[in-house]
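Asker: Each chain, written out:
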Amino acid sequence: MKQPVYLDNNATTPVDERVLQEMLPYFTRNFGNAASRTHVYGWIAEEAVDHARERVATLINAHPKEIVFTSGATESVNLAIKGVYEAYSSKGNRIITCVTEHKAVLDTCRHLEKFGAEITYLPVKEDGRINAEILEKSIQSSTILIAVMYANNEIGVIQPVQEIAAIARKHNVLFFCDTAQAAGKIPVDVINDDIPLLSLSAHKMYGPKGIGALYVRRKDPRVKLIAQMDGGGHENNMRSGTLNVPGIVGFGKACEICMSEMDSEAKRLSALRDKLETALVALNNVSINGSTEHRLPHVTNLSFEGATANTLISALHKSVAVSSGSACTSALVEPSYVLKALGLSDERANASLRFGLGRFTSEEDIGMAIEAITGSIKNLRSQSVIN
Amino acid sequence: MKELNDIIQAYEKAVLQNKQTALATVVKVEGSSYRRPGARMLVTEDGVITGAVSGGCLEGDALKKAQFAMQQQQNKLEIYDTTDEGDSRLGVQLGCNGIVYILFEPVKQDDPNNPVQLLRKIAQHRKDAVLITGFNENKYAPQPGTYFFINEPESSLNNEIELNKEGTRVLETGETIISKVENNSVLFQFIPPAIQLLIMGAGNDAQPLTEMASILGWNIIVADGRQAHAAIQRFPKANKVSITSPADILTAAEIDDQTAMVIMTHNYNYDIAALQQIIKTNCRYIGLLGPKKKLHKMLNELKENDIAINDDIEKRIYSPVGLDIGAETPEEIALSVIAEIKAVFSQRSGSPLKERKTSIHHRV
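The listed protein sequences correspond, in order, to chains A and B. Using the numbering used here, read the first sequence as starting at 1 and increasing by one per residue. Using the numbering used here, read the second sequence as starting at 388 and increasing by one per residue.
For the record, the hints were derived by calculation from the structure and aren't laboratory data. Please read these numbers as outputs of a predicted model, since none were measured by experiment. A couple of the hints might just be wrong.
25 Å max Cα-Cα, derived SDA-like pairs, lysine to any residue [to be verified]: (1) B:Lys526 / A:Ser362; (2) B:Lys526 / A:His234; (3) B:Lys526 / A:Asp189; (4) B:Lys567 / B:Arg621; (5) B:Lys526 / A:His51.
Chain A on its own, in the form it takes in the complex (with noise of 0.2 Å):
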């Protein structure tokens, strides 16, 4: 059977070829565990998790010894955000984040509230950008961290990062930032973008499940953190747990190869994007969800009015797969509470689809993609009412 078009590179990525090729050997012949100081099998995973450390913080200009690995993205936003809590109590209990946040940090931060915790909730503008006067008006003496995300994993739309960091240092709360989505793909710097922390993902950029990483400022500021897992001291005590050398290995590969071809990689897939785009949107009632202006190059998030996104879906499986919003949370029938915070109608959210192109998307896939799409489209507007 002819696999669908693959276009829903948000929710997760293929491992690339070559990132699989330097991971293999360390699931058989180099199997140490990095923290055996004694033998050549240690030495050698530890040599091995130093180079793919040293490769993660070349990605977003940082220090090796600033990479925390974790399991992935959402084992970094926990880390984060529960160890910064923990840690600075003494100054205050209030963070601050956005309504359009993964539920990673938004459940995270739920989950703090039960402790204590009083967390203000940024609304969007309904490009999907978070206001930064709103955001420096809320800031209080209490306020510890703001975290707010790159860009967004329905919308593709990226936040004013370097306007919230310099409102953050303005008023010295810390800020944390999601790059799972945009880290990889378009350019993420710890420096010039004044981030003291910030999550990663490996297999949202090519690289393996199961591994992330959390960057954790060494100075100015040095972010303390309260460790969330305890046992061993592994990653300067901030993540005890054996390290998942494979994984690791596979994650600074997929850094080191993301960070060579980023910037042709930005240009084709933008290109191929508007393709699919403007053809879409041609079949009049669709409409682009959230800014253009400010977007991730691979992404775009369309309402299709007169159409159902799961009719759609199921009408597209066989040819294209895409989702109606983030993997996480397509299990509930809810309308995207990203798209509803843009203020969109619960039916127009309902009638939205995330395109997320990737590596290996290529021209021809977009052409069957917009034919088979165009195809249900029509089809599905002939059977109801709007023509």
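Start from chain A and add chain B according to the hints.
Answerer: Same frame as chain A, but now just chain B:
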């Protein structure tokens, strides 16, 4: 030179025991560190260390890395950042405050030009040499390792024109440097021959002088015309004990500009006879035991005998001998003489470092 000789000996021992070895070399330092570029340490496969790459804080991890390099038969570079207090790998911090780059090279016994063989060839000749070692500051890039040495301008029979040119320059300036050649960094290490110490006068006070010079790895020749004094049993640490009268002193050793001579026969006629000979040579340091009055008397006498004493010769004569440290006993005098010789060869004043306004080491 002492360290290099120790390493050569340790290597030979390891070869006899059929053991693998790796050579660790400090190739670059940023900030302050105990050892400078060119410091070396030999590690055997079973973990015996000869020489040193730090004041002790890095040796533990360096041993491991050396064994790793042997295991993989591949050159490796490790960068130790002792400025980072959070680095658990280095354990207890010793207050160093620098970044040290150490190159680990497994020594291939069947290679006649392996790094230790090159060191041996350098040590065989009493000549200035420049040892050329390539490394890449990206530790994951291939590490070229020790290339070759030169001890004469453009002497090497290979095609490394760029390396030869820079090496020749270092041979002339006598200052170790690190420069970029193509994509790699290259350490051009200036290695002068070991100091040769010629002692005229084998009295009991020459014994502590010999002992101390031996600790420093100097090449020691003790000479005296008296058979009972010039006995190897009395100077077990000397490389050579020679029964030679002062007038024949130049037959006892090949004098070069890495030679220091101390005249200490306690006899005016013997001393002046030796002095008359040594000033014909390019001996870098001529120490003469006794008061300044005695020196003036000797110089006048030599001049009266139509022996030319120019400024250059006078500059090389150190009398009264030794640094001003209040030395009284033969052992204390030996200390002050040894320290003075070291200072002269390093072109330093011998005054306390606390009074020094500039940095202790010249920047490589």
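Asker: If any of the earlier hints don't hold here, list their numbers in rising order.
Answerer: 1 and 4
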